[in-house]
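**Q** Sequence:
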Amino acid sequence: MTERNRGRPRAFDRDRAVLDAARLFWRRGYSGTSTRALAAALGLSTSSLYAAFGSKAGLFEEAVRTYAERYREIYRQAVAAKDIRTVIERVLTDSVHEFTRPSATHPGCLISSAVMTDSASTLDTGAYLAELHSSNERALLVRIERAIRDGQLTAGTDAVALTGLVQSVWHGLSARSNADTPREDLLATARLAHQLICRQLTSPTS
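For what it's worth, numbering that gives the first Met the number 0 labels the leading residue of the sequence shown as 0, then goes sequentially.
Derived from the structure by calculation, the hints contain no laboratory data.
Computed from a prediction, not measured in an experiment: that's the story for all the values here.
There's no promise every hint is true.
Unchecked claim - No more than 20 Å apart at the CA atoms, straight line, and that leaves these computed lysine to any residue pairs for SDA-like: (1) LYS81 to ASP149; (2) LYS81 to ILE147; (3) LYS81 to ALA158; (4) LYS81 to GLY171; (5) LYS81 to ALA187; (6) LYS81 to GLU183; (7) LYS81 to ARG145; (8) LYS81 to LEU140; (9) LYS81 to ARG137; (10) LYS81 to LEU128; (11) LYS81 to THR153; (12) LYS81 to GLU136; (13) LYS81 to GLU68; (14) LYS81 to ALA138; (15) LYS81 to GLU144; (16) LYS81 to ALA67; (17) LYS81 to ALA129; (18) LYS81 to LEU200; (19) LYS81 to HIS193; (20) LYS81 to ASP184; (21) LYS81 to THR92; (22) LYS81 to ARG148; (23) LYS81 to SER167; (24) LYS81 to ASN177; (25) LYS81 to SER173; (26) LYS81 to ALA174.
Claimed, not checked - Just the calculated beta-carbon pair ranges, DEER-fashion: (27) ASP14 to GLY155: 22 to 30 Å; (28) SER47 to ALA187: 18 to 26 Å; (29) GLY150 to ALA39: 58 to 66 Å; (30) ARG190 to SER47: 40 to 48 Å; (31) ARG148 to PHE11: 46 to 54 Å; (32) ALA174 to LEU195: 35 to 43 Å; (33) ALA39 to ARG75: 33 to 41 Å; (34) GLN194 to THR45: 25 to 33 Å; (35) PRO101 to ALA80: 24 to 32 Å; (36) GLU72 to ARG145: 14 to 22 Å.
Just so it is clear, CB atoms sit at the ideal spot from N, CA and C, and this is done for glycine as well.
Could you put together the complete structure from these sequences and hints?
**A** This is the structure in structure tokens:
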């Protein structure tokens with residue numbers, strides 16, 4: 000039994016394979032990552048890689064969707080909070096925690112990575128990201144408009160401008176995470192941005 004087990008190939012872990020592939024795409028870009036390199040990183044033969052994912056493009060698409068969709072869920076959960084200040088705080092700080100998850104379980108933020116503009120895959124990455132950002136922004140805008148109607152924000156609050164401000168901070172945090180800015184520094188920035196936004200929203204109107 001021992002001899003048979005020694006020669007047995009390792010079990011295929013799809014989640015781990017997608018993570019390893021995403022990490023390789025993040026470092027090298029889509030074009031710079033060969034199918035051979037992917038197969039070696041995943042511990043698969045090229046034929047096994049094709050059998051599991053269909054193609055290099057199929058693997059890339061699964062990696063993008065796996066990690067990018069987490070941000071949609073962050074927004075879904077954040078906008079469910081009762082207080083709009085909590086909504087904004089959660090959008091920013093929960094995203095920072097996602098951006099900076101341990102490398103053993105996360106490939107880095109693919110959202111603002113150069114790999115996302117370097118893909119000729121079956122997934123139209125540009126269109127997919129545009130839809131993702133639009134969906135998140137729309138969810139936040141609807142929640143801010145509701146907060147204005149409910150009196151949580153002053154009647155003169157510009158919902159579109161506030162949404163744009165939060166989104167701009169979000170994208171800046173994402174970009175800085177890809178520059179290896181430490182989590183605590185990003186959280187400090189997110190918290191300060193949140194404080195300044197809330198202070199402005201509660202300031203007396205002139």
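**Q** Could you run down the list of hints and mark each one as holding or not?
**A** How the hints compare with the structure:
1. LYS81 to ASP149: Since the Cα atoms of LYS81 and ASP149 sit roughly 11 Å apart, the hinted pair holds (cutoff 20 Å).
2. LYS81 to ILE147: holds (13 Å)
3. LYS81 to ALA158: Satisfied, since the Cα-Cα distance of roughly 17 Å is no more than 20 Å.
4. LYS81 to GLY171: violated (26 Å)
5. LYS81 to ALA187: Not OK: LYS81 and ALA187 at ~24 Å, beyond 20 Å, violated.
6. LYS81 to GLU183: Given pair LYS81, GLU183 is violated - Cα atoms ~26 Å apart, limit 20 Å.
7. LYS81 to ARG145: It holds: about 11 Å lies between the C-alpha atoms, which stays within 20 Å.
8. LYS81 to LEU140: Given pair LYS81, LEU140 holds - Cα atoms ~15 Å apart, limit 20 Å.
9. LYS81 to ARG137: It holds: about 18 Å lies between the C-alpha atoms, which stays within 20 Å.
10. LYS81 to LEU128: violated (28 Å)
11. LYS81 to THR153: holds (16 Å)
12. LYS81 to GLU136: holds (18 Å)
13. LYS81 to GLU68: violated (23 Å)
14. LYS81 to ALA138: Holds. LYS81 to ALA138 sits at ~14 Å (cutoff 20 Å).
15. LYS81 to GLU144: holds (13 Å)
16. LYS81 to ALA67: violated (25 Å)
17. LYS81 to ALA129: violated (28 Å)
18. LYS81 to LEU200: holds (17 Å)
19. LYS81 to HIS193: The given pair, whose Cα atoms are some 16 Å apart, holds under the 20 Å limit.
20. LYS81 to ASP184: Distance of about 27 Å is beyond 20 Å: violated.
21. LYS81 to THR92: The given pair, whose Cα atoms are some 17 Å apart, holds under the 20 Å limit.
22. LYS81 to ARG148: At roughly 14 Å apart (the allowed maximum being 20 Å), ARG148 and LYS81 satisfy the hint.
23. LYS81 to SER167: violated (23 Å)
24. LYS81 to ASN177: Distance ~32 Å between LYS81 and ASN177 Cα, so the pair is violated.
25. LYS81 to SER173: violated (26 Å)
26. LYS81 to ALA174: Given pair LYS81, ALA174 is violated - Cα atoms ~29 Å apart, limit 20 Å.
27. ASP14 to GLY155: 22 to 30 Å: Violated: the Cβ-Cβ distance is about 48 Å, outside 22 to 30 Å.
28. SER47 to ALA187: 18 to 26 Å: violated (45 Å)
29. GLY150 to ALA39: 58 to 66 Å: holds (59 Å)
30. ARG190 to SER47: 40 to 48 Å: At roughly 46 Å between Cβ atoms, SER47 and ARG190 fall inside 40 to 48 Å, so the hint holds.
31. ARG148 to PHE11: 46 to 54 Å: Because 51 Å falls inside the window, the suggested range holds.
32. ALA174 to LEU195: 35 to 43 Å: Since ALA174 and LEU195 have Cβ atoms about 19 Å apart, the given range 35 to 43 Å is violated.
33. ALA39 to ARG75: 33 to 41 Å: The hinted range 33 to 41 Å holds for ALA39 and ARG75, with Cβ atoms some 37 Å apart.
34. GLN194 to THR45: 25 to 33 Å: Between GLN194 and THR45, where Cβ atoms are some 52 Å apart, the hint is violated.
35. PRO101 to ALA80: 24 to 32 Å: Cβ of PRO101 to Cβ of ALA80: about 26 Å, so the range 24 to 32 Å holds.
36. GLU72 to ARG145: 14 to 22 Å: holds (20 Å)
Hint compliance for this structure: hints 4, 5, 6, 10, 13, 16, 17, 20, 23, 24, 25, 26, 27, 28, 32 and 34 are not met, and every other hint is.
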